[in-house]
Structures are given as structure tokens and as C-alpha cells.
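Visitor: Here is what each chain is made of, one letter per residue.
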Amino acid sequence: MSIDPTGVPHHELLTTRREFLLRGGAGFGGLALAHLLAGGAAAGTNPLAAKAPHHAAKAKRVIFLFMEGGPSHIDTFDPKPKLNELAGKPLPESFGKVITAMGEYNAPLLASPRKWQRHGQSGLWVSDWLPHMAECADDLAVVRSCWADGINHSTGVCQMNTGSILAGRPSLGAWATYGLGTVNENLPAFVVMQDNPASTINGPRNWGAGFMPAVYQGTRVQAGSEPIPNLNPPAAVGGDQQRGKLDLLEELNRDHASQRPFQSELEARIASYELAFKMQAEAPEAVDLSKETEATKKLYGIDEKETATFGQMCLLARRLVERDVRFVQLYSGAGSKWDAHSNIEKNHGTNCKATDKPIAGLLKDLKQRGLLQDTLVIWGGEFGRTPMSEKGTGRDHNPTGFTMVLAGGGVKGGQALGATDDIGLHAVEDRLHVHDFHATILWLLGLDNMGLVYRYKGRPERPTLNEGEAYKKIAG
Amino acid sequence: MHPTPRFGPGIVSLLLVGLAPALAWAETPLPPAQQALYQKARAVLESNCFNCHSHAAKKDKGGLMLDSRAAVLKGGESGPAVDDKAPGKSLLLTAIGYEKDELRMPPKGKLGGEQLAALKAWVEAGAPWPDDGTKLTARSRGGITDEDRKWWAIQPVARPTPPTVQDPAWNAGVIDRFIRDRLDKEKLPPAPLADARTLIRRLTFDLHGLPPTPEESAAFEQAHAKDADAAVTALVDRLLASPRYGERMARVWLDLVRYAESDGYKADDYRPHAWRYRDYVIRAFNTDKPYDRFVREQLAGDEIAPDDPESRLATSFLRLGIYEYNNRDVRTQWNNIVDEPTEVVGDVFLGLGMGCAKCHDHKFDPILQADYFRLRAFFEPMLPRDDLPLATAAEVAAYREKLAAWEKATADVRKRIDAIEKPLGEKAAKASIEHFPLDIRALFDKADAERTPLERQLHALAYRQVDYELDRITAKATAEQKEKLIALRKELTTFDAKKPAPLPLANTVTDVGPDAPPTLFGKKNPSPVAPGFLTILHPEPATIAKPANLPSTGRRTALATWLTRPENPLVGRVMVNRLWQMHFGRGLVTTTSDFGKLGEPPTHPELLDWLTTDFVANGWSLKRLHRQMVLSLAYRQSATHPDPKAALKVDPENRLLWRGATRRLEAEQIRDAMLAATGKLDPVAGGPGVDSSLPRRSVYTRVYRNQRDPLFDVFDAPDGIGSVPQRNTTTTPTQSLLLINGVPLIEHARALTRRVEKEAATDEGRIDRAYQLLYGRPATAREQSRLQRFLADQATKLGPKVTDAPAVEQIKMPHRDGKALVVHPKGSPWLQVDGSRDLPEGDFTVEAFVLLRSTYEDGTVRPIAVHHNGDVKQPGWAFGVTGKKSAYKPQALVLQLWGKSDEKGAGDYEAVFSDLRLELDKPYYVAVSVKLTTAGKETVTFYAKDLSNDEEPLGVSPVGHRITSFAGRGPMSLGGAAVPGKPERVWDGLIDDVRLSKGALPQSQLLLSGEAASKQTVNFWRFEATPGLLKDATGTWHLRQAAKPAAADPRHAALVDLCHVLLNTSEFLYVD
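Residue numbers (the working numbering), protein chains in the order written: chain A, 1 to 476; chain B, 10001 to 11072.
Read the hints as simulated data drawn from the structure, not as lab findings.
Yeah, the Cβ is synthetic: ideal placement off N, Cα and C, and Gly gets one too.
It cannot be assumed that every hint is accurate.
[As the list claims (entries may be wrong)] The calculated EDC-like cross-link candidates involving lysine to aspartate or glutamate, where the alpha carbons are at most 20 Å apart (straight line), are:
id, chain 1, residue 1, chain 2, residue 2
1, B, K10812, A, E226
2, B, K10363, A, E467
3, B, K10826, B, D10691
4, B, K10797, A, D240
5, A, K337, B, D10691
6, A, K391, B, E10952
7, B, K10523, A, D149
[Said to hold, decoys possible] A short, non-exhaustive set of chain A residues, derived as facing chain B with CB atoms under 10 Å:
id, residue
8, S94
9, F95
10, G103
11, V157
12, Y216
13, Q217
14, V237
15, H256
16, K278
17, G458
[Unchecked claim] So these bits of chain A aren't anywhere near chain B, every CB distance computed over 12 Å:
id, residue
18, G349
19, E429
20, G451
Turn these sequences into a full structure, and let the hints steer you where they fit.
Guide: Structure, rendered in C-alpha cells:
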């Protein structure tokens, strides 16, 4: 960890604060906390209490690596020799017309200059853009037959997160949190990180709770001393001063609550301050990478300029799932940076380089720590890219056939499932709609997509809009 | 009050003490023991049976489903799987026990011992299953049954005789008679009445969404002591007559109609005219517009009163849905646009979820799939209109006359402008059209008269994308063309005096014409459906009269008329119930937008009917209804009860109203109450939406769908996407963090401190004043002594070194991550670079991410970064945005250069103007790269990129200039600059990531593409915790606030802490 600009080593500050919080915690909200942690009686009423799954879960946690903007499947995991044969020619009639986002209708097919090789014992095809992930081939289940409804980023990202191309529904992470709760309330149950300061398409509603209560929404987390917004008091407020304020607040709130004995919400409010401060104690430690060895950092590519950012995010993700955060979502290329409408070579070259080693590092690290078996790792974007060219050197959006990759969490590695047509335009075999894909993730988490119900305005709402079927082949 | 307590554990708050409800309508969640049985059994069913017997698998072998209790009891071809009366003899046990050869399940092999035991235990316990919406038997498809016709919500509204109750006080009012009668039957005595101060706080929040002033509370307390009833009546009348009432009531309505002011997709474009509908709603409530008229105007104002701008404005209701500005799949988007109001109308007016019936007959309610399409058919002819001014015919005529004069005067200039713009426009339009699918492209080649109604709708929707491109053609002009255009536009402005003020516009609808496009129903063989109402209420197709003299179908008028017929059983009941929820925290029907079978029947059906009849019979007056409700004794009860034991057993959720409720303030009320208490609340009503940093009421702040104010976000404000009838009330640690650590809260605490210091002289007086302002009551003696002790302790802790600097305020910039610096001329100060330093000797580049909230009224430049001491003879530069009356162009990026030129030597000055204009309240990346040293080719290149829209290209504007060199020193500052002898110039808005680099960076090296420091970086200020808020990431030049922190009295600082604590208290955040 770097040295604090005030000249005080950062971790020392942290220790002090931790101590203070733990000391202070004994008195502060002790009663409410005891009640909260008692589980038993309170468990039924605390919306974040850990809940039993519908069936035996293969995965307990999820790390969703979202390549925002749409990575090209036909240049990464879905080799199409036929495409290179037909390159330069217009899309043959036999493949059918599609509406493309940018509407270059008669653009010729664009060859993929990638070098392809089989990897691992399984012989899984991976292109030379992802040499490190290729080393994990035997852990990867590559689903080549995904399809979605949205042709634009907004609708695509919305659907990959919420099941619907139209805004307003809870995200998958919110559903998982609603269905399973969390065993660590000192950290948010659903955490989101992104690799650059641009807004993701659609902004925070990608990890929103939609019509469900805000308690299920994702929380943005960043590395550094303030991983969660407003986690720390403003710099000018001293520890003693803050403690004086909190003591007074607790006293006033207790007085108020004791006069209103049947308003349990008031107890919850007192407890929420207590939880906030437990979070304040735990979150900075959870994101403190200084405890990691150089070898681990190297594994994630943190020592290299190109891979440092996503490497740190992947390592943070591991630290969070270790602490039983339920759902972690990492955005690579936040703000559609994978959107290679032109010069895909440079665009994807850079993005693959930035993510390949960190992701492989994450998979290897999870595996060596015994976490991979019950942590589901997902790689993919909102759609793939067209075999047709755009602007001569790029590819347009392709929601009709694309690849998602899964690993760990009960998934059988080393298999490629489903298929697109000869040029990768349409999914043709074992077609997996986003709803099926979501049902599969939920199924691995022990949840039945039709049994997970939240009643809203008289409708039994389900995460996959009453559609979708788990693709159980993925578990082998 | 939590909205829907029976929907499982997830709804309400972090922590609810659950007491088993005992009243008949209250659902009991599964007790823990049963839940455990269920979960074990469920796991077995899931892994062994669902493959052949579940909806998920879409299989019901032997006609048997096993995925709900109802299905298990119903069973399949062999009979019920579980026998409700004798569970031990259930068929399921026989099957899994392999007791009969012909019925062995699962067929592949007998279950293992543990699994068998789990299923057996569960069946024997009666197959407990938690309520997941499947407890009801699904309806059979197709028709309407006699059973359906018994549904309470569609029965004619009755006028029951109110019962007589013993207590004479309660027997005086109709509401009280119904409520008390039920309480008496359950032997529950009501709570005593709330005291005066509690009551005025409750009433003022309920009817205004604001706290009462201390003066109002005191006056009411006095009047109340003399004659309680008269005082309450007078108070309610005053509150209902105030314009604040409409603002509060509007919030309720805006939740329902999914109001927001942006598109809600990727670009999330702001809709500059959307606010007019919000003001319409406020006016309607303030003038007590009859509710039936209010409904009719929103559905069909354009047909009912085409000459009345107010009525036409009301149709904005149909335009509040989301819109994707670049969707090439025009047909799908149009289909969604027509579907959207169909569902909203079901939610808002009928209190029925029509959404289910879009894909199938409603599973539990008698709403047929055909009913969805019959309802949709009313909206099928709709055409969005943004071009119709909100003006009377006379006003339009006067405008046109003036405009004609202006057009005549400017014909020549405009012709010259056209000569440049027209070819650009034609090219842009052609390119845009070519992006559409062939069938849509073909529509552009057809004459309007040849287009079918649907084709006209599709063309209009597609044309919006062409129009979007046409708005941006200047960006595609060559530098030479741009220069010409700028000059010509400037010439055009010389005729501005002749130009009429533009007429107000709004987002409204009309019909596409007198003929409607078909509404098609059926997946395989779609056939046209005629408009019609719910089959169960009105099976025949609707009777529709085309309006005379109007190219419109009359469909929406027919719908509006049917909905607001006095006999309509739903519309009146639904609205009465919404008001009840507003005042009592819960509707008589708890599920206010679901009067169907998955909702709950009313707790007091006769009261609901009595109120509805009365409401309709008295001109649908909402104010009258409010008055009836809040004057009742039921409403005026205290939230505490002297002897709650019996009631807690029978009715722990207080459905029978044996006491008042304690409710958390809504997000907007929390903000408004803080502004009111600090005295900052700006009472100006109406007008365009404003940034939430301004102290206007929350209902007037801008509502973006994809970027929400953090306070609103964590306190459950709706997202403006679907209709929200009841807000969630969550209690989360993120709320606590925001309230106790967030900078805006500390600013509120400071403002409150300044106020109480001004209004009272002693600690005791100040504490008392704060209590009055926040809680509407004086502090007790005990509280006084505790708080005075706090002040003393806290002051000691703070010591003598405390300062009272306005905090460096930071908020998130829209469409960007991390926190940006807030700079405001009257608030957060601008920053100076610490220490003077050499100017870069030659070329340089300065970049920043900015958001501009306002410009100066005159031509003064708002500075982003300045490196100049204000002396015109000294060298330096200033990068900023021009003011409103700029000689050149308002709101444009400009670089002011002071230095040496070949023409004038040292001491020359030149303002280099770009043609890049920043829109207010939008986030931008801006940069200027300055070349000084290439003789004869001195250029400045400006860059600007709208961050809210990725599709917008980076704007580039190269401009020549004559300054050739700098030499000298000067102070550097961000967001402001001191000018000797003149008022300082200050930025207004946000600034983030300012980078100063040596050399004129090429486009490829700009911050926008790299976001990092490079070798050429001189300074990089990022305003992040690492390396420090005001630190330079290069470690070279740190920042300090221009306004010097004044030493403060520790007792003042302690008072700020006290006020901050009070703003965090439950007593402030909740109302009894």
C-alpha cells in the first residue's frame, strides 16, 4: 500500500480506525446488533439474511467479468474457417438478413486474422488473443450459441444484466442477493467495479434493484482508502469528534425508539449505523492489496502497465469472494470500450491484452485456493460481433449468435457447447437465450428461475420473465 | 409504514420484529419448522421430479405438476398427489415408496433413504409451501365464469349506511363510524388523539411534504388548546389552499405515471419540455381540477379540447415512456412505445396489472389476453408530437405574423446560410436513412398521402433519427464553412429584436389521422382487434365517435369517457384508496395498484364504497376527500397507545387503525425538510427542472433516469420507468454513511448552525431553536442538559485549531466515475496552485472534465484554468467558457492569451474563440492545445466531447492566432481567478481531472484516450483520495482553497456537529 500523502503510513491509520470502531462497537448499538446477529428469530425478517437455496448449490458466489461493448466471439473462442474463405464477399443469402445497429447493409465479410490453437487436455480452441486464458482451457466451458434481443448497447447491456431490453427490472446480482442473502453483512452482498472512470452504458441501473427494494442493489467499490462512497468521515473530522457525534446520535435514537415500541424500523435504523461502521472497519481491509505477495500480484499482471488495472480488479474480486461477497461484477471497457466498429485489430488487441492475463490469474488463484469449485466465473459481453465488416476494419454488433464462457462453480471445464453457423452470425445448435443463460447461472447457485419469485403490483415477478431453462449440460 | 408486508421477508427494512399476525386476511409465513421441511422436500422434488412435472421443464407427465402446492393438491390423471385431509395416505407416498408396480416414481430408481424421508416428512405435514403466488388455483383459459363475476372490485359501488357507534365523538364522522365499528367488534380501543405539535407536523408533511415552521406550530398549539376541532379544520383548510399542496400531491402522481425528464437509454438525453407536464399536474391539484376531468385530459386532451393548450399539455402523460434515439429497429421500438401506455393505464387508473395479459390470459384475474389488445387499440393511432405550441389560435396567429416579418427581413442572410447548410443536411439525411432496414428506408421514398397510418407512425419515428443528424451538421462542415456560418449567424442575430419569442413547446400526442392502424392479436394468425374495455365489464366493442373537424379517431376519448363514467367500479375506488394510503400509510386495499386476486381485499369494503360514492357524487373533488380523511379522529390518533397488548396480538400491523403510524419521510421530503429547516428553501414554483444543488423543492429538480441523485437513490425514490404505487422503505448502511459522512449533509448542518446562531443567543436557545426547526417541539430539560454537555465535550475535543472553511465539495459527475470538484460563485471556492512558478516556456496543452451550470449574464468568461495575474500587460493565459452576451458566441470554449506577437510586440492580447459550445448541465471533456512557436502557423486547437453520449464524435476546432511567445511568471488557479480591481471570475459547476502538459499534444495523446500522466505532464489534479484531494498526482504543485479558512470558535464547530447529529436522528427522518 502506498504512503498516505499526509505522511502517515496508510495501514497504520487503518489499524487505528479499526481499533476505534471495534472498541466503540461494544457500546454502540450493541443491543440492536446482537439482535441482528442472533439470526434465528431475526433471520426471517432481515432481507439480507442468508437463505437456503432451492436445491443443492454448485456455486456459492459469482464473479461476472463483463466485457462491455461486445467482444468478438469469432476472434476469441469460436473459430470460423469458412469466414476466411468467404472474406471480401457479401453475406450469402443463405444466412438470412439481420438488422445491424450501424446499418452497413452490404458490407463484405471480414476475415479473422487470428491464429487458432487447441489447448489443454480437452483441446479447446482459443485464439492467440487470449494466450493466458488458453492455459486454463480445461476449466472453461465455452457456450458458443448464445443469443439476445437488443441490437444496441443500451438494450443489450440492460438485458444481459436484467433479462429485459427495457429498463426497470432488477439485475441478476440483485436477484441472487434477494434469493440467497449474504453471510457477510459487513460488506455489500453485490459489488460492482469498473476499469475506467467513464460511465457504463445505462449507468448504475445495470446493477440496480429495479422494482425490488434498494437493499438488493449493487454497490460500486473502488480500490483505495474509500472503497464505498461516503465510507469515511470528511478528512477534517477527527476520530474522537466522530465518536462523540455517534454516541449522541445513538442516545437520541434510542430515546425516540423506546417511546415507539412497535416501530421495528426504528431499531433497524439504529442498527444501520452500527452496520455502516462495521463496513467501515472491514471494507478498507478487504480492498487492501498490500497484504498480497509479489508473486500473487504478478500472477494477475499487476506488475505490468497494460494489465495492472484489470489485474487489480480481479485480485480485489478474489479478496471479496473470499469474504463471501455473493456477486461481484467487473466491467472491462466501461463505456463500450470493446465496441470495435472500426479497427478491431487495435481495439480488441488492446482490450484482450488488458484482461487476458488478469482473468487467467484469477482462475488460477481461485483454483489454488480451492475457491474455484464453488465460485462461478463468467466471461462475456452484451453481444458478439458480426462476421460482416464495418468501415472495412471493424465489426458491428451481433446479438443473434455469440459466446459466453463459464468456469468453476460446478461447471464442467474443457468443453465447447452449442454452435453458431459457418460464419458465426446466428446461433444454430443448443441455442441459449439470455433468459436460459440467466436460468443456468441461477441453477448453479441453487435457485430455480421459476421458483424465485418477487411479488410486485400483483404479479409474481421472476428473474427470467417466466421464460428460460437452465442449461444443465454445462455441469457435464 | 411498509408497503406490502405479506410479500415475504424482502420488502421492508433491514430489521423487522415479526409478530405473527392473527387477523383473518393476514398471511402467515411458513413457521421455521415447516419451512425446513419444505426446503428439504423442495430440493428432492427439484432434482428428481421437476424434469417431468414442472413448468420450468414445460412437462406435465400424467397431467401432474409438482411445482406448487395447488398443483400437488390438484394432482394428475391418477388423482391428487397429496391428500389434504389424510396426508399419510397420499398417492405421492405410494409412488415414491414403490408400493405399486404400476406407480413407481421416479421411474429410474427409488429415492435414497434421506431423500425419501425428507419427502415423506413433508407430505405428512400436509405439504407446506410458502406463498409464492401459486396458492390460488389458476383460472381456466378463455371465457369469463360466474365465479369471476363475483370479484369484489368489479361490483357496483354501493352507498352503505354507516354503522352507529357508542362513542359520541367517533359517531360524528362517517369515516370514524366505519373505523370505530370494526375496532369495537374486535374489542380494540383506539389510541388517544395526538397532541397539537405532533398533529401539525403530521398534517404539514402529509399535505405539503414539508415541516411546519416553529411559528406555525406555536400558533396552532395555542389555537388547538382553545378549540381543537376548529383549529384542526382551519389548519387543514390553510394547508389545502396553499400552492405547496399541489407540489406534494404532484409527487404522488408523478410516481404513478413514471415521470422523468430523460430518455432512459444510452444517451439518456434530457427532455427540455418535459417539466411542463409536471407543472400541469401541480396546477391541476392546486386548482382541485375534478379528478374525472384530470383523467380525461391526460388520455385525450387533444381530442376533448383541442383549442385549450392546458388540455393538450396533459397528453404528455402518454409520452413519459423511455425512448432510444438510435434504434434502427424502428418497428420493434414503435411496438414498445404503444405497449407502454397500455400497461401504465391499467396500473394507474384501473388498479389492475394488464402486463400479464400481454402474453396470456391473466392466470388469476378475469383479464383476457384479448383485453390487453382491446385496450392497446385505443392507443394504436397515437402520434408523438413535439411540434405543437402550447398556445391559443390567436397567440399562434400573432406569432406567425411577427415571424413572417422577421423571415422577410432575414431572407437574404438565411438564404446564404442555407446555401452552406442545405447540402450538408442533404448528405447527413441520406447517410442517416441508409442505416435503416430496407422496409423503413422505403417509407422515406413514399409521399405522405401514400403511406398507411402505421407507415406514417414508423416514418415519423425514424425521422427523429434523421432530425438528430440534421441538428449536428455544423460539426461536419469544413473549417472554412464553419467560419462563414459563424459570421452569418452573427449577422442573423442583428435581427433578433424583430424575432418573436418562441412559443412554449411540450411533448404531446395527437392521432395519426382519422383512421387507425390495425391492432393485431394472435401469434400464429394475427387478426385485427377493435378497441374495447375489460370483457368482464363490457364485452361489446367500444362505441367510438370520430370527433368533428379533427383528423382524429376519437378512440382515446371513448376510453377516457368509459373510465370516468360514475358507474365505473374501479377508477373511483382506486383513487380514493390511493389517497387513503397517502394519509394512513396503507390503503384500505393494501395493494393500491392491484385490485385483482393476487392483491388483497379491502379491510373496510363498505367504507371504501361510501367514500367512493361520495367522491364521485361531489364532483370528483380530491381536496374534499383529503379533508374528510385528515379531519377524522382515526387520522388524528397518536402513534403510541397506552395499552397496546391486546391490539398487538390481534392486529400487530395496525390494519384496523387502532393507532396512528410512524412513517419515514420520503427521499424528497428529507431533502426539502433540510432545506426548510436551514431556511435555504427557495419557494419559487414551477419552471424548467433545476440541478439538485440549487435549493428548490425536490419536485423541481431534474430527473434523469440513468443518473440519480445519491440521496434520492438510497432513500427509495422511484426510477421513473414503471408506475410506482407504493414506495419501498428500506433501511440500509449506505443511507447511514451518506447521512453521517456525506459532504452535502455537512453543508446542511453548517447552514442550520448559522441560522440558529443568528436566531438565538445562548446554547440553550440555539438547541431549542434547532429542535423547533427540525422536530417542531422544544427540547426537554433532559435533552437540554445532554446536548449542552455534548457541546462542551465536543468543543474540548475540537480544541482551538478548528477552522470553518467551506468544505471542498465533491460530487459525482454524470456519466463519469469518481468525484469531481464543485465550484460555485457563492459556495464552494475555487482553487489556487500553491506557490508561483514558471510558465511553460512554449507550447502547452490544458485539459479537464467539466460540467457548466451557468454562464455570466454579460460576456465575462467563466474560467476553467487560468495562468495569469490579471494584469493585461503581463503574459499568461486563461481557458474558459464565454458569457451570455459574448461578442462572439455564448457558452463557447475560449482561450485568452496575453503575450508577444509579431504585429504588436509584447503586451498583446487576443481572445481565441472556438466554435465548440457547451450545453449547460452536461458533462464534457474539454481541452485546448496551444502552438505558439511555429512561425506563421500559430494555432490553438480546441476539443470538446459530450460525455453523455458516446455516439457524439469528439468536437475539434482549430483556430489561428497571433501570439508567439510568453515569458514570465504568474499565479495559476483552477475554477476561478482574481482580477485586480474587479470582482473575481468564478466557474459554476464541476471540474475534474485537470491536466497541464508541455507541448501542443496531438489528439492521440489526449487525456480522453489515455487517462494517465505522461512524460509531458506538468501537473495533474484529479481530486481523488489518492494521492489526496488537492494534491497534484505528479507531486509538483498542490492546490489550496482561494478563500482562506477563517479560524472558528470551537463552540461553533461543536454546534455544527450537534446540528449534523440532529439531521441524522430518527425524530427528524420519521413523522408520527
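Visitor: All hints are to be evaluated individually against the structure, with a verdict given for each.
Guide: Verification of the supplied hints:
1. K10812(B) - E226(A): holds, 14 Å
2. K10363(B) - E467(A): holds, 16 Å
3. K10826(B) - D10691(B): holds, 15 Å
4. K10797(B) - D240(A): holds, 7 Å
5. K337(A) - D10691(B): Distance ~29 Å between K337(A) and D10691(B) Cα, so the pair is violated.
6. K391(A) - E10952(B): Given pair K391(A), E10952(B) holds - Cα atoms ~17 Å apart, limit 20 Å.
7. K10523(B) - D149(A): This hinted pair holds, its Cα atoms lying about 18 Å apart.
8. S94: violated, 18 Å
9. F95: violated, 16 Å
10. G103: holds, 3 Å
11. V157: holds, 8 Å
12. Y216: Nearest chain B Cβ about 7 Å off; hint holds.
13. Q217: Hint holds; Q217(A) Cβ to chain B Cβ min 8 Å, cut 10 Å.
14. V237: holds, 8 Å
15. H256: holds, 5 Å
16. K278: holds, 8 Å
17. G458: holds, 3 Å
18. G349: holds, 15 Å
19. E429: holds, 20 Å
20. G451: The claim is violated: G451(A) sits with its nearest Cβ about 7 Å from chain B, within 12 Å.
Checked against the numbered hints given earlier, this structure breaks hints 5, 8, 9, 20; the rest are met.
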